[in-house]
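Asker: Residue numbers (my numbering), protein chains in the order written: chain A, 1 to 206; chain B, 1 to 334.
Rather than coming from a laboratory, the hints here were simulated on the basis of the structure. Given the structure is predicted, the values throughout are model-derived calculations rather than measurements. There may be inaccurate statements among the hints.
Stated by the list, open to error - Derived lysine to aspartate or glutamate pairs resembling DMTMM-like cross-links, with alpha carbons at most 25 Å apart:
1. B:K59 - A:D124
2. A:K61 - B:D77
3. B:K65 - A:E79
4. A:K184 - B:D214
5. B:K65 - A:D138
6. A:K122 - A:E101
7. A:K82 - B:D52
8. A:K184 - A:E101
9. A:K122 - A:D138
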Amino acid sequence: MSEPVSRRDVLHGVVRGGVLATLGGGALFLVQKAHGQVVWQVDAARCINSRLGDTGAEACKLCTTECVVALSAVRAVNEYAKCGRCNICPAYFNITSAVDEKGLPSEKLCPRDAIARKPIGKADPEDPANNFYEYVIDEEKCDGCGKCVMKCKEPLGLGSIVLRVRYDKCVNCNRCAISRSCPKDALHQIPVEQALRSPESLHRTE
Amino acid sequence: MRGAPISTQTLPTLRSGAFLLLLLFLFFSFVPTLSAQAIPYSRPVETAPQADTIGGGYKTPAVQKPLPRDALLQVLDVLILAAAMGAAVWLVLKRRSRKWVLALSIGSLAYFGFYREGCVCPIGSIQNVAVALTDRTYAIPMVVTAVFFLPLVVALFFGRAFCGGVCPLGAIQELVVLKPLCVPPRLDRALGLLKYVYLALAILLAIKPALGRDFLICRFDPFVGFFRRTGAPHMLLLGGGFLVLGMFVGRPYCRYLCPYGGLLAWCTRLARRGVTITPDKELDCGLCAEACPYGAIDHMRAVRKDCLYCARCYASCPRDGDLARAKAQLVTLS
Numbered sequence: 001m002s003e004p005v006s007r008r009d010v011l012h013g014v015v016r017g018g019v020l021a022t023l024g025g026g027a028l029f030l031v032q033k034a035h036g037q038v039v040w041q042v043d044a045a046r047c048i049n050s051r052l053g054d055t056g057a058e059a060c061k062l063c064t065t066e067c068v069v070a071l072s073a074v075r076a077v078n079e080y081a082k083c084g085r086c087n088i089c090p091a092y093f094n095i096t097s098a099v100d101e102k103g104l105p106s107e108k109l110c111p112r113d114a115i116a117r118k119p120i121g122k123a124d125p126e127d128p129a130n131n132f133y134e135y136v137i138d139e140e141k142c143d144g145c146g147k148c149v150m151k152c153k154e155p156l157g158l159g160s161i162v163l164r165v166r167y168d169k170c171v172n173c174n175r176c177a178i179s180r181s182c183p184k185d186a187l188h189q190i191p192v193e194q195a196l197r198s199p200e201s202l203h204r205t206e
Numbered sequence: 001m002r003g004a005p006i007s008t009q010t011l012p013t014l015r016s017g018a019f020l021l022l023l024l025f026l027f028f029s030f031v032p033t034l035s036a037q038a039i040p041y042s043r044p045v046e047t048a049p050q051a052d053t054i055g056g057g058y059k060t061p062a063v064q065k066p067l068p069r070d071a072l073l074q075v076l077d078v079l080i081l082a083a084a085m086g087a088a089v090w091l092v093l094k095r096r097s098r099k100w101v102l103a104l105s106i107g108s109l110a111y112f113g114f115y116r117e118g119c120v121c122p123i124g125s126i127q128n129v130a131v132a133l134t135d136r137t138y139a140i141p142m143v144v145t146a147v148f149f150l151p152l153v154v155a156l157f158f159g160r161a162f163c164g165g166v167c168p169l170g171a172i173q174e175l176v177v178l179k180p181l182c183v184p185p186r187l188d189r190a191l192g193l194l195k196y197v198y199l200a201l202a203i204l205l206a207i208k209p210a211l212g213r214d215f216l217i218c219r220f221d222p223f224v225g226f227f228r229r230t231g232a233p234h235m236l237l238l239g240g241g242f243l244v245l246g247m248f249v250g251r252p253y254c255r256y257l258c259p260y261g262g263l264l265a266w267c268t269r270l271a272r273r274g275v276t277i278t279p280d281k282e283l284d285c286g287l288c289a290e291a292c293p294y295g296a297i298d299h300m301r302a303v304r305k306d307c308l309y310c311a312r313c314y315a316s317c318p319r320d321g322d323l324a325r326a327k328a329q330l331v332t333l334s
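Build the full structure now, drawing on both the sequences and the hints.
Answerer: Below, the structure is given as structure tokens:
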């Protein structure tokens, strides 16, 4: 079926070619400056809950309440290498609660009971301060409220617990909803390779 | 101390802490009536004990690092997007099948909507492309570039195949069309201008300096709350509102607000092919125009910029239906 080519068709063809060239040019420009994926991450040195100097304040809960994901994509993470493995962990126990018969605070700090405490090796009851305990955060339970992060820092803790964006949960919004309300501008976008390299590299450089 | 012995010189605080806690322990075991008070707490360690300090073969557990979605899977998303658009073009222009294009859009709703939770989508990528074109320090992954440009190129040749076969926002509205009313053409045209206002606004807010930058289209995406099965109450309400409205006004978001729909509409003006109502002999019965919920059939001709590739017109056409299957035949009335 051959139809006669009208002037309109030719004109359309020319304009279409022009638009295609423009789109192609735009795409090429974007591709030549393209980089890999960027992800949102919390800068622990800025986050109110983990940075030094805000001890005793109420933990900032914005990471829990602002995230668009049902249970926030921000979770508390224990950097085990920095953990003091204390007998009475100020992030595990509510250290202002009454003491029970074992000499330990009777209440836990985490409202969702997401932290597990287990002795490393065999616990010596005679020498409780020198027993080491491993504190493991169950990330499926954690909602990133930051209470434990606030308590695990100077002067009581070593600051081993920090808030981190978990990439299997994060939907990588164009503008992270938490970052929009974060008072310290602690969330920022970094290349994914950098985010996976080391905890230190998470700090903002500029 | 178990395992490796520690000298008191290296860890004096451990010892003093131990002593203090021992005292406290004794204190509380002898004065049980006072045990309801809080203990004064002092930090027992100043440095984190490492595996060799702890001893007993202890290994510091690795901190888990969940990975984001694999780059290969993201490329797969683009391939699926391209394949789905190709399928939509074929099903609508060649097969002329309402059934199959509906099945395709339901599949896309499941994958791009509920599985990929509405991201990455060409609609939102308008903003990223706008920022990347204007901000020297901002770049976007190639995947986003592809997702933005592919549907536009397809629209330049075949019309809005993306809207009908791939877009999850379109598909969810497609499914609720119940009793579409005919929007008066003038009102339809006036409301249709809204999407260009929205487009301009979204671009203006996106190309602001980094800190004041806002991604309007993503923030007010009416259906992403459904796709994620969670969201702020006002956003879910807005989405629900659009779905209820969509029962009586066909695909209101696509026709009046979708900024990407605006870009696609421009491209379709140059399209080589599109949905054609009457390929050979027309019946002039007007059933197709009645069947079109989007007011895209004007004087028995499909308007490419408004046609959303749903293929309802074919389904309602006796030529494509009963006549084609020889269940009925044309008679000439004398």
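Asker: A separate judgement is required for each hint: does it hold in the structure or not?
Answerer: Hint check results:
1. B:K59 - A:D124: Holds: K59 of chain B and D124 of chain A sit about 19 Å apart, inside 25 Å.
2. A:K61 - B:D77: violated, 35 Å
3. B:K65 - A:E79: holds, 11 Å
4. A:K184 - B:D214: Between K184 of chain A and D214 of chain B the Cα gap is close to 18 Å, so the pair holds against 25 Å.
5. B:K65 - A:D138: holds, 14 Å
6. A:K122 - A:E101: holds, 20 Å
7. A:K82 - B:D52: Distance of about 14 Å is within 25 Å: holds.
8. A:K184 - A:E101: violated, 42 Å
9. A:K122 - A:D138: holds, 23 Å
The structure fails to meet hints 2 and 8 from the earlier list, while all remaining hints are met.
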